[in-house]
Structure formats: C-alpha cells, structure tokens
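K.L.:
The listed protein sequences derive, respectively, from chains A and B.
Counted the way this note's numbering counts, the first sequence spans residues 1 to 114.
Counted the way this note's numbering counts, the second sequence spans residues 1 to 109.
Just so you know, these hints were derived from the structure itself, not from any lab.
The model shown is predicted, which means the values in this text are computed figures rather than measured ones.
Careful, some of the hints might be misleading.
[What the hints assert, rightly or not] Per label pair, the in silico range of CB-to-CB distance:
| hint | chain 1 | residue 1 | chain 2 | residue 2 | range |
| --- | --- | --- | --- | --- | --- |
| 1 | A | T15 | B | G15 | 45 to 51 Å |
| 2 | B | T26 | A | E54 | 27 to 33 Å |
| 3 | B | R104 | A | P70 | 38 to 44 Å |
| 4 | B | P21 | A | G42 | 18 to 24 Å |
[Unchecked claim] If you want a taste of the chain A side facing chain B, the calculated C-beta under 10 Å gives, among others:
| hint | residue |
| --- | --- |
| 5 | Q6 |
| 6 | T7 |
| 7 | Y33 |
| 8 | Y35 |
| 9 | T102 |
| 10 | G108 |
All C-beta atoms in this analysis are idealised placements derived from N, C-alpha and C, irrespective of residue type, glycine included.
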Amino acid sequence: DSGVTQTPKHLITATGQRVTLRCSPRSGDLSVYWYQQSLDQGLQFLIQYYNGEERAKGNILERFSAQQFPDLHSELNLSSLELGDSALYFCASGPGQGARDTQYFGPGTRLTVL
Amino acid sequence: DAKTTQPTSMDCAEGRAANLPCNHSTISGNEYVYWYRQIHSQGPQYIIHGLKNNETNEMASLIITEDRKSSTLILPHATLRDTAVYYCIVINAGNMLTFGGGTRLMVKP
Chain A
1 DSGVTQTPKH
11 LITATGQRVT
21 LRCSPRSGDL
31 SVYWYQQSLD
41 QGLQFLIQYY
51 NGEERAKGNI
61 LERFSAQQFP
71 DLHSELNLSS
81 LELGDSALYF
91 CASGPGQGAR
101 DTQYFGPGTR
111 LTVL
Chain B
1 DAKTTQPTSM
11 DCAEGRAANL
21 PCNHSTISGN
31 EYVYWYRQIH
41 SQGPQYIIHG
51 LKNNETNEMA
61 SLIITEDRKS
71 STLILPHATL
81 RDTAVYYCIV
91 INAGNMLTFG
101 GGTRLMVKP
C-alpha cells in the first residue's frame, strides 16, 4: 500500500460527459502527479501540482483540467469525453517538486467511455 | 532526458537472479537512473535509483557501468510476484518521469 488513495476505482460513462477523478496524496507529500495509461500510448504524464500550484504540464488535453486543494488532495476533471479517453488514470505523490523525488502511485481509476 | 533502450521481454526461473539491462548511451552527467515496476494494471512502484555508484536496497541492486552508458537492475532471488513490467528511466532534476515501453519480466516456476 503506497498511501495514495484514488476514487472511484472504476467509472463507466458515455461520450460527451464529464467526470471527476479524485486523489489523496501520502501524508506529508506536497506534490501530486497525474498520469494516463492507455493500451496504445503507454504511461503518459499529464500534469503536476505542488502545494496548490501547477508545477509542470505534460501531454494533457485542453478538455482535461486539474487542481490541488488546500488540504492537498487533487482532482482531475475530464470533459467532453471521447471513446479514446478510456484508460487507467493514476495519480502519484511525492515530497518535493522535482521528478527526482520518489513518486508513490495510487491504485488508479479505470475509466471506460461508451 | 536521455533516451533508454530495454529488451521488450525476459524470462527468469523462480529463485534465480533476474538481470534486467538498460542502455542509456546519451546520459549526461547530472542525470540519474531510476527503476520503477508495474505489476499488472497496478500503479507503478519505485524500486531503486542511482547516479554513478552501484546501489542496493531491500528490493534490488543497481549496477551502473563506469561510463554510465548502461545499467543493470538485479533482483537477486526472483519470485512469481516479481512478474511485472520494469521501467528504466533517466532523469535530471527538473523533468518529469517519462515511461518508455519497459521490459516485461516473466518469472516462471
């Protein structure tokens, strides 16, 4: 158990809908990272927040957004969903700002868009 | 970040050492080598990292060549639970983890 929690575990929705994925980091960690893992793209970094501020951006679509709240939990919002958004979404947390800090991954949310 | 090259898949007998190679010939002086693994559809798990010297922890050993152009992750006594995809990642201070294809290790009884 990494100490990172993600909810929900599974999510099934329809194209065009909007969903919110939630992540609670390990106690004491200030950074939250979001990743998408689909069958054809592998594990891709989306975005990082550090202590409430956006720190780095990867291959995140404009239809996706994220935020980190004062209690350090984070939410990833996915809107206008398409079939290709079906994937596993992982969040990870770490103590510092940089990717050289060990990242601890949650169990993931499996999103299925029908 | 330096690009890494890993074999697509490897097999290992249970109880034997698993040696997973990684080539990172374009690595620069301030870039670290990190290893993570992902057991089927679970979140990736940190294993070990190093800069120049060989490193060992309770999970594995990391051997980095003197020229730093390649490294080997060693699982000393592989078990069936070590079956996973192993990712070798080279990173410096500022950049994000970039996961490549990794090596799919199958530990067989």
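K.L.:
None of the hints should be skipped; say for each whether it holds.
P.N.:
Now the hints, each set against the structure:
| no. | hint | verdict |
| --- | --- | --- |
| 1 | T15/A - G15/B: 45 to 51 Å | holds (49 Å) |
| 2 | T26/B - E54/A: 27 to 33 Å | holds (29 Å) |
| 3 | R104/B - P70/A: 38 to 44 Å | holds (41 Å) |
| 4 | P21/B - G42/A: 18 to 24 Å | holds (20 Å) |
| 5 | Q6 | holds (8 Å) |
| 6 | T7 | violated (14 Å) |
| 7 | Y33 | holds (7 Å) |
| 8 | Y35 | holds (8 Å) |
| 9 | T102 | holds (5 Å) |
| 10 | G108 | holds (6 Å) |
When held up to the earlier numbered hints, the structure conflicts with hint 6 and nothing else.
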